[in-house]
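*Asks:* Keeping their order, the protein sequence lines are chains G, R and Y. Mapping the first sequence onto the working numbering, position 34 (from 1) lands on 34, and the numbers just tick up by one. One rule links them: number in the working numbering = place in the second sequence (from 1) + 1000. One rule links them: number in the working numbering = place in the third sequence (from 1) + 2000.
Don't take each hint at face value.
[To be verified] Okay, derived cross-link-like pairs now, DMTMM-like style, lysine to aspartate or glutamate, Cα gap no bigger than 20 Å in a straight line:
| no. | chain 1 | residue 1 | chain 2 | residue 2 |
| --- | --- | --- | --- | --- |
| 1 | Y | Lys2028 | G | Asp7 |
| 2 | Y | Lys2326 | R | Glu1080 |
| 3 | Y | Lys2084 | Y | Glu2058 |
| 4 | Y | Lys2294 | R | Glu1343 |
| 5 | Y | Lys2303 | Y | Glu2314 |
| 6 | Y | Lys2028 | G | Glu3 |
| 7 | Y | Lys2084 | R | Glu1343 |
| 8 | Y | Lys2204 | Y | Glu2224 |
| 9 | Y | Lys2326 | R | Glu1241 |
| 10 | Y | Lys2204 | Y | Asp2215 |
| 11 | Y | Lys2178 | Y | Glu2130 |
| 12 | Y | Lys2084 | Y | Asp2161 |
| 13 | Y | Lys2303 | Y | Glu2287 |
| 14 | Y | Lys2178 | Y | Glu2058 |
| 15 | R | Lys1273 | Y | Asp2248 |
| 16 | Y | Lys2181 | Y | Glu2200 |
| 17 | Y | Lys2077 | R | Glu1343 |
The set of hints was computed from the structure by calculation and includes no laboratory data.
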Amino acid sequence: MFEMLQDFTAFTKSCSYLLAAVILIAYIPFMLFLSRRDD
Amino acid sequence: MNALRPGGIKIAPFYLVSGVILIFGAVIVALRYAYGLAYATNLTQTTTWGLWTGFKLVFVALAASGFTLTTGVYIFGMHEYHPLVRPAVLSGFVGYSLFILILLFDLGRSWRIFYPFLVQAGVTSALFEIALCVLLYYTTQFLELTPVGFEWLGWRRWRKVMVGATVGLSIFGLLLSALHQSTLGALYLTVPGKLHPLWYSPYLPLHFFLSSVMGGISMVMLLGWASKKAFGNKMELSWQELDRLTVGLGKAGAISTAVYLAVKALDISLGGKWHEVSSGWGAWYLLETLGCVLFPCMVFAYSHHHRKPGLIRLAAAWTVFGVVLNRLNVAVVAFNWTFPTNERYFPSWMEWVVVVFLIVLGLVIYRLVCERFAIVNQHPDYLSH
Amino acid sequence: MTISRREFISGLATSALISSTASAGALKRFRGYPQRLGLLHDTALCVGCRRCELACQEVNGLPPHPVPIGEAKIFEKPRGVSEKLYTVVNRYRQARESEPAVFRKHQCMHCNEPCCVSVCFVKALVKTPEGPVLYHPELCVGCRYCIFACPYYALAYEYGDPRTPRVVRCTMCYPRIKEGKSPACAEACPTGAIRFGRREELLKLARQRQRKYPDRYFPEIFGENEYGGTSWLTLLKLPPEQMGLAADLPYEPLPNLTTGFLSLAPLVVAIFPGLLGGIYAMTRRREELARLQKQQELERLRKALEEKSAEEVEKLKRHLLARLEKAEFDRQPQATDKTTGASGEENK
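This is chain G alone, in the form it adopts within the complex (with noise of 0.2 Å):
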């Protein structure tokens, strides 16, 4: 599919770094849920 390692580079990390800020909005939630139970 790609011709050039600069071209995979450029899609996966262009995929990888959506994925993470989805990962890092995805555990606000996560880590408030899970803290709830101490207060």
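Using the hints provided, position chains R and Y relative to the given structure of chain G.
*Replies:* Showing chains R and Y alone in chain G's frame:
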């Protein structure tokens, strides 16, 4: 104290001297924009990143006071250092502001700085990651400082909301800092042929992160001392309490410098660079690592054990000097090291003026904010539980 | 601003030290666009006439060089590319007895996996399927990371322009290529030292020449594999380190040195919140337990006082006093230390 008296004509000597430097510096910056980089700098086609890049690295490394202290206090629960959090975060914020300014001055087209986010993102670039992380981290630090603003404005509910976000912001701050401190080192991974082997390492990002921790902790110690000297009784922390905290931070200083040294030693062995150490450049390398990291480490350890806050501050200043030296070595001194002297880059006097201008600007802003807002003292309406 | 050979010699030492960092792309070989074009520079045929320099300047609208063609004085010092000179011809050995002088033309190598392309954070540099690497000034922010990163020192910057400074370099005459013509330097070369065509074809041609004249050339075609290979191929008359290039360059593209580390960024985002959140939770737990313990102790004391057991009260009192003393002792500076006191001011 020596605060500005609104409407009055008395101005502290600090501000007078700073004012002159700031005006002179602003003129040079204006000239840089009027006539271009060729006029203001000695950058060449073969050495395109110079003194300003070196100081970009310096400002970020020393602005690590913010994340080191919030991590220690809020994540590891060392609440006795709480009085130092606001000065540390403020100085971190000021440090990053200076970084952004010097970056803008160095860019060929400063006004396009938001292009990677607004127009097109080069995601394969280390610089993209740095830009993203710095943007987010600058915002994080700003948010960490909003309670100060809300106290001043008297907006209780907003203040309460932001204080509640402290732990989350601290976690986010450490995450972002670890990323961009190390990625600044990663910028240099791509030029193995241009950076001297003693400074080039595949682990350069790790070295940068670890040295930012020791630099940040040292800055907190120095800042505490300088603030107390400048603000006297306005600063609520007594000398005795400050000394006690300094001794405690000295332990962190000892550990962080020791870890850095261990990693650097392994870097030599992993890279098989022993023969380089005995060269002429090796002597300079040893001056930087043994002279300016090992010795302060030993002083930290000794003076923590014997509870000597004065010596700890000396070790802190020494460590800061070592971090500055390291960043300048990577960016300027050991870069393009094979070039003959007549082809090497030496910064122009205007480049130095801009650097000094920014440092003074940082000090002035820090002092102004501390005088007007509840940084070194608690706001009378919000005395803590 | 020169490209003396020494900075490239350092490259071989340091590059050899670098172990390749793992990256997902390293699991497969990327061959690049198959029909891409390139140029072959045969340094055995180059006579240093510099007509290529002149043609390049004409095509790019640059002012002609003050030193005219044919003036040998210009070769005394090696030159580098600049904002007025996108390509340079340097002399690497003077003529002697029966041997002519040795020259090489230097410019952007149009790498297969260009470093400049991967480090640009606005994607202003792009490797085209046709082969040339192109620059888009309308995107450029002027960070100059591309110039910084290029191992061949092939890019230059218009430092003198305050409003619209650009990164400048050889473009392989992309507009001309699109029209079906050759790059200006290839057309201008009188000896055929610059050949233009498909990279695969040029490689075959170069190997043919090496087979035909085995003593004439350095046994490796420079640009076939170095740093992933380049579109500009060079048949070297002398070893690379004597011709302003570096010897023993690794085959791995330079961007690979950074991508491995950059992959850590999303991983750190995935790990740190969990890790730090967990540490925070443990810290809170410890604080809670300490608070509970203190509460229990106070509870015990209260009950003992209520039950009026004098023994219990005495024991507890002594126990607590001892703990208090110890805590005080730990917090106070030691007697030998003269540094602090109520009025103490410690100066560095």
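*Asks:* Give a verdict on every hint.
*Replies:* Hint by hint, here is what the structure shows:
1. Y/Lys2028 with G/Asp7: 13 Å, holds
2. Y/Lys2326 with R/Glu1080: Measuring from Cα to Cα gives roughly 19 Å; hence the hint holds.
3. Y/Lys2084 with Y/Glu2058: 11 Å, holds
4. Y/Lys2294 with R/Glu1343: 70 Å, violated
5. Y/Lys2303 with Y/Glu2314: Between lysine 2303 of chain Y and glutamate 2314 of chain Y the Cα gap is close to 13 Å, so the pair holds against 20 Å.
6. Y/Lys2028 with G/Glu3: Distance of about 11 Å is within 20 Å: holds.
7. Y/Lys2084 with R/Glu1343: Cα-Cα ~18 Å, so holds.
8. Y/Lys2204 with Y/Glu2224: This hinted pair holds, its Cα atoms lying about 11 Å apart.
9. Y/Lys2326 with R/Glu1241: OK: lysine 2326 of chain Y and glutamate 1241 of chain R at ~19 Å, within 20 Å.
10. Y/Lys2204 with Y/Asp2215: Roughly 18 Å separates the two Cα atoms, so the pair holds.
11. Y/Lys2178 with Y/Glu2130: 9 Å, holds
12. Y/Lys2084 with Y/Asp2161: With a Cα-Cα distance of about 13 Å, the restraint between lysine 2084 of chain Y and aspartate 2161 of chain Y holds, given a limit of 20 Å.
13. Y/Lys2303 with Y/Glu2287: 24 Å, violated
14. Y/Lys2178 with Y/Glu2058: 18 Å, holds
15. R/Lys1273 with Y/Asp2248: Status holds; Cα separation ~19 Å.
16. Y/Lys2181 with Y/Glu2200: 19 Å, holds
17. Y/Lys2077 with R/Glu1343: 12 Å, holds
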